[in-house]
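Visitor: Please model the entire structure based on the sequences and the hints provided.
If you're matching them up, the sequences are chains H and C in order.
Quick note: the first sequence uses UniProt numbering, first residue 1, plus one each step.
Quick note: the second sequence uses UniProt numbering, first residue 1, plus one each step.
Derived by calculation from the structure, the hints in this document are not laboratory data.
You may find that some hints are simply not true.
[What the hints assert, rightly or not] Once the Cα atoms are required to be at most 25 Å apart in a straight line, the calculated SDA-like pairs of lysine to any residue come out as:
1) Lys111(C) with Arg77(C)
2) Lys413(H) with Ala70(C)
3) Lys73(C) with Pro124(C)
4) Lys413(H) with Arg155(C)
5) Lys111(C) with Ser476(H)
6) Lys413(H) with Asp30(C)
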Amino acid sequence: MRVSLRAAIAVALLVGFYVIASALIGGLLALETYALINRPFVGLKLALFVVPVVFALVKGLVSLERREQDEVPGTLVTPADQPALWDLVRRLAADLGTRPPDEIRILAAVNAGVAEDTRFLGLRVLKRRMFIGAPLLTSMTEKQLIAVIAHELGHYANKDTRLAGVVVSGRAAMLRAGSHMNAEHWFQRLIVKLFQGYAKLYLRVSQAISRRQEFAADRFSAQLAGSSAASSALRELPVIDAAWDLFTDRHLTVAWDLGYLPTTFFDGFARLRTSPELHEQLEQIRQHPSDPDRGPYDSHPPLQDRIAAIDALALEPESGWGDRPAVELLTDPMPLLDSAVMNSLKSEAHTKQRVDWATLSHIGARARVVHGTERLLNAAAAAMNQPPSLTTVLNALDAGRLADLGSSTPGSKDAGVRARREMARGEVLPELSALVALAFSDAGLARWELDWLGRTTFVTSSDDFDMADRLDAAVSDNGNTEGLRAALATAGVAPDYRPAH
Amino acid sequence: MVLSLLFKPKELVAVIRLMREAKRRGVEIDQLPPDVVAAHVLPKTHPERYGLVPDAEVTSTSPIEDLALAAVKDDVRAGNWENAADLVTATLGDWDRRQRVVWALADLAAKDDTWMSAWQAARPGDPHWVVVHAMSLVALAWDIRGSAVASETTREQFEGFHRVLFEAREAATVAAAVLPEDPTPWNTTLTLARGLQMPHDEFRAVWAELIARDPLHHNGHQQALQYWCRKWRGSDELALEFALEAAAKSPKFLAWPLQAAYEAQDDEMWRAPSVVASLDALLDRLADEGADTYALRDDRGYAAFALMQLQRFEEAVGQFRALGALADAGPWDYYEEPRITFLAQRGVAVQKMAKGKGVKAPVR
Numbered sequence: 001m002r003v004s005l006r007a008a009i010a011v012a013l014l015v016g017f018y019v020i021a022s023a024l025i026g027g028l029l030a031l032e033t034y035a036l037i038n039r040p041f042v043g044l045k046l047a048l049f050v051v052p053v054v055f056a057l058v059k060g061l062v063s064l065e066r067r068e069q070d071e072v073p074g075t076l077v078t079p080a081d082q083p084a085l086w087d088l089v090r091r092l093a094a095d096l097g098t099r100p101p102d103e104i105r106i107l108a109a110v111n112a113g114v115a116e117d118t119r120f121l122g123l124r125v126l127k128r129r130m131f132i133g134a135p136l137l138t139s140m141t142e143k144q145l146i147a148v149i150a151h152e153l154g155h156y157a158n159k160d161t162r163l164a165g166v167v168v169s170g171r172a173a174m175l176r177a178g179s180h181m182n183a184e185h186w187f188q189r190l191i192v193k194l195f196q197g198y199a200k201l202y203l204r205v206s207q208a209i210s211r212r213q214e215f216a217a218d219r220f221s222a223q224l225a226g227s228s229a230a231s232s233a234l235r236e237l238p239v240i241d242a243a244w245d246l247f248t249d250r251h252l253t254v255a256w257d258l259g260y261l262p263t264t265f266f267d268g269f270a271r272l273r274t275s276p277e278l279h280e281q282l283e284q285i286r287q288h289p290s291d292p293d294r295g296p297y298d299s300h301p302p303l304q305d306r307i308a309a310i311d312a313l314a315l316e317p318e319s320g321w322g323d324r325p326a327v328e329l330l331t332d333p334m335p336l337l338d339s340a341v342m343n344s345l346k347s348e349a350h351t352k353q354r355v356d357w358a359t360l361s362h363i364g365a366r367a368r369v370v371h372g373t374e375r376l377l378n379a380a381a382a383a384m385n386q387p388p389s390l391t392t393v394l395n396a397l398d399a400g401r402l403a404d405l406g407s408s409t410p411g412s413k414d415a416g417v418r419a420r421r422e423m424a425r426g427e428v429l430p431e432l433s434a435l436v437a438l439a440f441s442d443a444g445l446a447r448w449e450l451d452w453l454g455r456t457t458f459v460t461s462s463d464d465f466d467m468a469d470r471l472d473a474a475v476s477d478n479g480n481t482e483g484l485r486a487a488l489a490t491a492g493v494a495p496d497y498r499p500a501h
Numbered sequence: 001m002v003l004s005l006l007f008k009p010k011e012l013v014a015v016i017r018l019m020r021e022a023k024r025r026g027v028e029i030d031q032l033p034p035d036v037v038a039a040h041v042l043p044k045t046h047p048e049r050y051g052l053v054p055d056a057e058v059t060s061t062s063p064i065e066d067l068a069l070a071a072v073k074d075d076v077r078a079g080n081w082e083n084a085a086d087l088v089t090a091t092l093g094d095w096d097r098r099q100r101v102v103w104a105l106a107d108l109a110a111k112d113d114t115w116m117s118a119w120q121a122a123r124p125g126d127p128h129w130v131v132v133h134a135m136s137l138v139a140l141a142w143d144i145r146g147s148a149v150a151s152e153t154t155r156e157q158f159e160g161f162h163r164v165l166f167e168a169r170e171a172a173t174v175a176a177a178v179l180p181e182d183p184t185p186w187n188t189t190l191t192l193a194r195g196l197q198m199p200h201d202e203f204r205a206v207w208a209e210l211i212a213r214d215p216l217h218h219n220g221h222q223q224a225l226q227y228w229c230r231k232w233r234g235s236d237e238l239a240l241e242f243a244l245e246a247a248a249k250s251p252k253f254l255a256w257p258l259q260a261a262y263e264a265q266d267d268e269m270w271r272a273p274s275v276v277a278s279l280d281a282l283l284d285r286l287a288d289e290g291a292d293t294y295a296l297r298d299d300r301g302y303a304a305f306a307l308m309q310l311q312r313f314e315e316a317v318g319q320f321r322a323l324g325a326l327a328d329a330g331p332w333d334y335y336e337e338p339r340i341t342f343l344a345q346r347g348v349a350v351q352k353m354a355k356g357k358g359v360k361a362p363v364r
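Guide: Listed below in structure tokens is the structure:
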């Protein structure tokens with residue numbers, strides 16, 4: 001099927017949506033009116049059916065029309081704030097023959113895109129916004145960023161058919177169909193199903209157009225930035241994505257849960273991306289790029305196909321773009337990028353204590369260790385009927401209660417007390433070791449370091465923190481805790497030491 | 001597992017009866033007691049007509065074979081370790097018995113080692129204590145691991161299993177150093193080789209140490225045969241090769257090739273001329289022997305199983321006759337319900353023989 005015919009069908013479907021819904025509402029209301037006038041009793045009964053249906057249909061239509069009341073994400077940058085970035089975007093829009101965005105916003109996500117506020121299922125555009133992910137700005141070269149922006153603007157620059165742009169806007173609107181409905185109510189659920197069924201039909205009809213458009217957008221990207229920059233940008237996206245996931249999951253989230261945030265975000269991200277411990281993993285992703293999960297209605301062709309298609313074009317860049325880091329396009333970038341991250345967080349972000357990265361890594365690692373000692377402290381407290389503390393654990397060991405400090409059961413149902421005790425030994429030793437390490441760290445004699453992969457190392461200032469023998473003696477059958485107690489006393493650890501959260 | 005073997009399409013009627021029985025008792029069919037299931041599905045034969053013990057008399061409990069060992073086990077359970085320690089000391093030189101005594105005591109020590117501590121405190125440095133201790137760690141490791149498949153074994157169980165096996169290995173090394181002529185610590189290392197996935201070269205070195213001390217160590221050969229099986233570190237071929245070599249060394253190992261074939265679960269291997277030759281030699285040897293020891297019953301059990309595979313039902317019935325009421329050894333002890341497995345096999349043998357199926361017994 002020719003693209004223009006497909007596009008025409010798609011647009012007809014968009015319009016048809018309104019026509020059918022309006023006709024249905026009108027018809028039902030007419031029927032109801034007719035019934036009420038001629039047979040009031042039947043009319044009243046019919047109203048029980050008609051009123052909820054009309055209500056649900058109207059609500060459904062409104063849901064399509066409702067502009068997102070939610071706050072638009074990202075940090076707004078005006079042309080006055082960031083003239084170089086705006087000049088670039090405007091120039092690229094002009095090159096592609098599409099209108100420049102009305103707003104540029106910086107996001108805390110590995111993403112870039114153009115989104116529009118539309119009316120009538122995308123048949124009319126109110127406002128065009130460009131979003132650029134802060135991690136892209138700090139991780140890409142200028143050329144790669146240009147490739148990304150050109151691709152996004154390219155979606156709206158299709159000169160083959162005027163309708164194609166409308167089709168793309170319509171997809172976004174259709175995906176929202178019914179999203180504001182009340183799923184609890186079965187009538188509304190039914191209408192949602194109807195709307196979604198229609199939406200699926202539309203999405204299927206327009207899928208081929210969208211797919212073609214992705215390739216077309218890649219072609220624009222390659223024309224403006226050159227094939228090598230465009231394909232390298234595509235390769236780099238999964239790498240930045242993986243690094244950003246690691247950064248948020250193993251560092252920001254951990255800090256957040258403990259009530260902290262780093263004083264600055266992107267110096268940490270830059271160090272993570274270039275850290276030796278991550279080099280191999282990221283290089284692996286760069287060599288074998290795979291598609292991120294973008295949901296069932298995403299229209300992007302497989303990344304490998306897109307890279308191959310761009311490379312096959314072998315286009316030279318339109319002009320001599322720089323190889324400098326993209327972040328140099330920005331005036332005073334760090335406050336802007338960090339504010340994009342802060343804006344993406346919940347409002348309580350401002351209540352978090354801000355500390356430098358070294359402090360944060362110690363705090364994060366310590367919290368994890370504290371968590372790992374809770375089971376032992378509680379088991380000892382229960383066994384000895386004493387408050388949970390390091391001393392209670394040692395008392396339990398000296399009292400020969402090792403077996404009661406464990407939680408796992410042996411595999412054989414014929415196993416005896418010895419098997420239980422042996423399993424408890426394997427469980428208690430690392431936990432006791434962590435508890436003692438915490439005591440030393442809280443006494444200021446040691447600390448933890450967290451590498452960018454999220455692995456912890458215990459660092460001591462003195463060489464004589466080798467507790468292995470004393471820990472072994474504490475949990476062994478013929479041993480005792482004397483050596484450990486002596487070492488703790490020398491370090492100035494209080495007898496009732498218990499790690500604070 | 002045993003029961004599914006019995007449920008062939010022919011036995012559908014029995015299954016239906018079982019379902020009725022289960023319904024009557026208000027339980028699921030797989031929750032019926034094994035005896036009830038057996039009563040419905042076992043072949044209906046008249047064992048006494050063929051000189052066999054009635055079904056009801058068959059038991060999987062071993063009679064006491066070593067009175068002294070049974071006595072010290074009772075002592076140990078009562079908390080008295082002295083006689084046990086003395087018995088272990090007295091077995092020095094009688095390696096097969098020593099192995100049995102050490103294993104039985106190690107098994108008790110794996111459950112509760114209070115008496116071991118008392119022994120160690122009273123006789124510090126007793127080399128025989130170290131021998132029992134090393135073996136008890138192997139038993140302890142398996143108690144921690146359990147016998148479930150890997151996916152149903154927890155991380156803690158695996159960690160404990162490996163940790164304790166490494167300790168057992170160290171202890172066995174110490175024991176071997178303090179009693180240089182004793183093969184028992186080397187057998188301990190052979191036994192734990194499977195759990196630690198010991199490489200072939202290393203295993204062969206341990207094996208050489210064992211047979212240098214006792215070339216015909218009975219349990220050592222059994223442990224090594226297990227190691228060479230496909231399910232551990234070897235293959236069907238390696239296991240058979242090892243078993244045939246052992247059988248060539250001594251007539252007391254003639255059942256090993258049958259065990260290799262049993263482990264292989266391969267019909268071809270049962271018919272291999274070398275395996276059949278081992279079976280015939282074993283039958284010749286057993287003709288002059290009873291079934292008084294566990295080892296003899298083990299040999300007869302594998303012989304009976306092999307004869308069934310080769311359709312030599314009349315001879316198989318002969319082995320069941322010799323076994324009498326005791327279903328305590330191999331291969332029955334491999335199954336959850338040894339007694340029922342024994343009865344099922346015996347019933348099939350009798351039925352087929354009565355119908356004149358299979359190969360008639362040769363005149364010996």
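Visitor: Does each hint fit the structure? Answer for all of them.
Guide: Comparing the hints with the structure gives:
1. The suggested pairing of lysine 111(C) with arginine 77(C) holds, with an alpha-carbon distance near 11 Å, which does not exceed 25 Å.
2. Taken as a hint, the lysine 413(H) and alanine 70(C) pair is honoured in the structure, with Cα atoms around 23 Å apart against an allowance of 25 Å.
3. A threshold of 25 Å between alpha carbons decides the hint, and for lysine 73(C) with proline 124(C) the separation of about 22 Å falls inside it, so the pair holds.
4. Under the criterion of a C-alpha separation no larger than 25 Å, the hint pairing lysine 413(H) with arginine 155(C) is consistent with the structure, at around 17 Å.
5. Of the pairs offered as hints, the one joining lysine 111(C) and serine 476(H) holds, with about 17 Å between alpha carbons and a cut-off of 25 Å not exceeded.
6. Proximity of lysine 413(H) to aspartate 30(C) is assessed by CA-CA distance (about 20 Å); at most 25 Å being required, the pair is judged to hold.
Going down the numbered hints, you'll see the structure goes against none, and every one checks out.
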